[in-house]
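Build out the structure end to end from the sequences listed, making use of the hints.
Here the protein sequences come in this chain order: A and B. Residues in the first sequence are numbered consecutively from 0, following numbering that gives the first Met the number 0. Residues in the second sequence are numbered consecutively from 0, following numbering that gives the first Met the number 0.
Since the hints were made in silico from the structure, they are not lab data. Mixed in with the good hints, there may be bad ones.
Calculated cross-link-like contacts (lysine-lysine; reagent style DSBU-like; alpha-carbon spacing at most 35 Å) [what the hints assert, rightly or not]:
no., chain 1, residue 1, chain 2, residue 2
1, B, K100, A, K50
2, B, K32, A, K11
3, A, K125, B, K100
4, B, K32, A, K166
5, A, K374, B, K32
6, A, K374, A, K335
Distance ranges between label pairs, derived from CB positions [claimed, not checked]:
no., chain 1, residue 1, chain 2, residue 2, range
7, B, A265, A, R80, 58 to 68 Å
8, B, E91, A, G83, 45 to 55 Å
9, B, S425, A, S307, 36 to 46 Å
10, A, V302, B, A392, 23 to 33 Å
11, B, D384, A, V309, 22 to 32 Å
12, A, A359, B, E242, 28 to 38 Å
13, A, A246, B, S425, 44 to 54 Å
14, B, Q54, A, E268, 52 to 62 Å
15, B, A246, A, A359, 52 to 62 Å
16, B, A392, A, S307, 27 to 37 Å
Heads up, the beta-carbon is just placed ideally off N, CA and C, and yes, glycines get one too.
Protein chains: 2
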Amino acid sequence: MRLSRYFLPVLKENPAEAQIVSHRYMLRAGMIKQQAAGIYSWLPLGYRVLKRIEQIVHEEQARAGHIPLLMPTLQPADLWRESGRYDDYGQEMLRITDRQKREMLYGPTNEEMITDIFRSHVSSYKDLPLTLYHIQWKFRDEMRPRFGVMRGREFLMKDGYNFDVDKAAALHAYNRHMVSYLRTYERMGLTAIPMRADSGPIGGDDTHEFLVLAATGESEVFYDSAVTELKLGSREVDYDDREAVAAVCAEFTTLYARTDETHDAALFETIPEERRKSARGIEVGQIFYFGTKYSEAMGATVVTPDGSRVPVEMGSHGIGVSRLLGAIIEANHDDKGIIWPEGVTPFAVGIVNLKQGDTATDSACAALYQALTAKGLEPLYDDRDERAGAKFATMDLIGLPWRITVGPRGLGNGVVELTSRRTGVSEEMSLEMAVDRVVQIYAEIA
Amino acid sequence: MRLSRYFLPVLKENPAEAQIVSHRYMLRAGMIKQQAAGIYSWLPLGYRVLKRIEQIVHEEQARAGHIPLLMPTLQPADLWRESGRYDDYGQEMLRITDRQKREMLYGPTNEEMITDIFRSHVSSYKDLPLTLYHIQWKFRDEMRPRFGVMRGREFLMKDGYNFDVDKAAALHAYNRHMVSYLRTYERMGLTAIPMRADSGPIGGDDTHEFLVLAATGESEVFYDSAVTELKLGSREVDYDDREAVAAVCAEFTTLYARTDETHDAALFETIPEERRKSARGIEVGQIFYFGTKYSEAMGATVVTPDGSRVPVEMGSHGIGVSRLLGAIIEANHDDKGIIWPEGVTPFAVGIVNLKQGDTATDSACAALYQALTAKGLEPLYDDRDERAGAKFATMDLIGLPWRITVGPRGLGNGVVELTSRRTGVSEEMSLEMAVDRVVQIYAEIA
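Shown next as structure tokens:
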């Protein structure tokens, strides 16, 4: 993308309304625009990151064998009366009356609707296991929306629902989600720690939240510092192998890690003092096993191998897709701007032309653009007629992890400059070598 | 995808509520489920086609140089008061009051919001031309939602908005949209004819609707039959070249083609009688030039090269993404089911195993699956323990354009069978050749 043809409305000033760094940088980098309290437009740069995050979520759900579909944003109230949650949910539920005076709502979550889909079409254990998920806009009418996309009212969530014939199978689905989520967050460059949590309005017995440590987090968390060293890395996990999946979960959940809701001070004291940590965390996902809570209330049953009919065992599993942008920025920035991890960056690399209009420099930039694009890496090429300082400031603010700077002096010596946004280190090398280096960096994370 | 692990709830019976063939087949093929009047869940097969259509739209908008973003589904009422449409819009607008008693609405279209984004960030002709678009869920509270996704209340639309410094530039944007839409529909296997139309509540001077001829269409149309022979084909159009783009538009809009709203009986009579046709059509898109209607009302101005300040010239351009599934099926089906064009098919090819459990047949199917997947063509493999007749009926219903049938008798002769869903013609060939043939077919449409 050529910046002269793009829509990247960066702001020079810090917006007064933004209290935390991710909100500030998302506004300054032209990623979002507030349209009403807690309701945002995703401007082109923000939209690209949102799509990138969605894509990683889809890929990891596919790897776990989970099936995508899409439920609508609006739901009939009657469905929620079946579970009893229509009255329970309170003012956070946005209630709507249509022209025919039918009661509707903007879905804050989808347990009822997915259970309705299941009961309409599935009646035998032979069709199980089944996990269905979607990535769809939700609405929760927060009393005090704040922190930009971190606590918005209209927000994008991945929510998935497993249907299993018995508790053992449902717990395997729970574990499968945990592993797929660990891999999802790692690909986004995040350390998200699964912590034993409280089930809240979804209900259920087993639940873990995934928390990213950040000073601006809303939750207080307590953990053994060794838990932050755990990595799934590139190991292959066979999602059909219950024991293998359970072993990974055990590795990630044995060390102490809890939110304040489930914190056990006595148990915490047993951790060696130097590893005993308390901090703030941002919740970026949660998994639940809740058994037959919804299937019993809504009559979603299956015939078992022995011919009896039982309510199906379920769980639900969510990732806060839009909120992840905020969490990633909270964990990856400096005083110049955002530092995107390669996995989610809106453009693979920035190209800065130091002398727009100079024939040799323009054509080197065009060649670089072409070479990167041919390798499937879309660059953002700052081809504007601007000072070098302004171009660098924009690139630093929007946080592309790699920048290639092209100018007449370097070209005279046959080199361009490759700069890491994270370390700030620059290296001179030939144009071809710069392309190869960037290609190699992205090949390693693919 | 292995069918034994998929969620494809096909129905044997014709659903009583479906009056037109696309609605009937979408329900029977397990593509959609109605959740409320005019509100649907997109089950996994339907979701795949929806995503495929979205992808084609995105690719063709990128080719035309248009920039994607994403606006929210809910909008503040005050924005619509600025244009005067809040009161004009009537009962089709779904009005919502939030917990703070603020007036909101579920966006039926986005002229006001995109103009708000523009005026907040752009003030110079130097940032033009600019075309921004999104693909987002909309809501229109239709009095009588019907025909499945063809006239739903919650529906997915691509809507794009151009911003230009003068009328000539805005008309070029209009033409650019026309060409990009022609290419978009052709890639979906559709003949969509641009017809001079009426501007309705959007307002504006110039507008064309794109109509797919189908007996179940809601619009009456009148055209010169020669217009149905026009094809954009694989020609390259330089979207920056105003004359080249205008020439394509002239080619597609010179022959008579109008909806009943703009029909001119006297002019129609001048067409040779054998080419004079009237028929029904399904509207799948519309482009508008409306000049400064919104920019004047909302104060969206730019400084021109001579230093004066003028309201920006605009147009809006829409594609009915979710409705396209219905239109494609109306135009591509037979009495056994859907016949997907290759461009939008949910899976590239179906694999039917005639003897599940037979070692040689199972391993040939696995090899076939592997070979197709390695070429980037995802097959749907019917690995269920079912009769051949039932497997064929399902494949015919869901309409994958190509089927490879694998059985012990064929394998004994070293062959599998490749069948075209459209022609019904089967050919025997080696497994490798079947893979090559399918790869070649999809390479040709890429």
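These are the hints, each one checked on the structure:
no., hint, in the structure
1, B/K100 - A/K50, "holds (33 Å)"
2, B/K32 - A/K11, "violated (49 Å)"
3, A/K125 - B/K100, "violated (49 Å)"
4, B/K32 - A/K166, "holds (28 Å)"
5, A/K374 - B/K32, "violated (41 Å)"
6, A/K374 - A/K335, "holds (29 Å)"
7, B/A265 - A/R80: 58 to 68 Å, "holds (59 Å)"
8, B/E91 - A/G83: 45 to 55 Å, "violated (33 Å)"
9, B/S425 - A/S307: 36 to 46 Å, "holds (44 Å)"
10, A/V302 - B/A392: 23 to 33 Å, "holds (24 Å)"
11, B/D384 - A/V309: 22 to 32 Å, "holds (24 Å)"
12, A/A359 - B/E242: 28 to 38 Å, "holds (32 Å)"
13, A/A246 - B/S425: 44 to 54 Å, "holds (48 Å)"
14, B/Q54 - A/E268: 52 to 62 Å, "holds (55 Å)"
15, B/A246 - A/A359: 52 to 62 Å, "violated (36 Å)"
16, B/A392 - A/S307: 27 to 37 Å, "holds (31 Å)"
Consistency with the previously given hints fails for numbers 2, 3, 5, 8, 15, ordered from lowest to highest.
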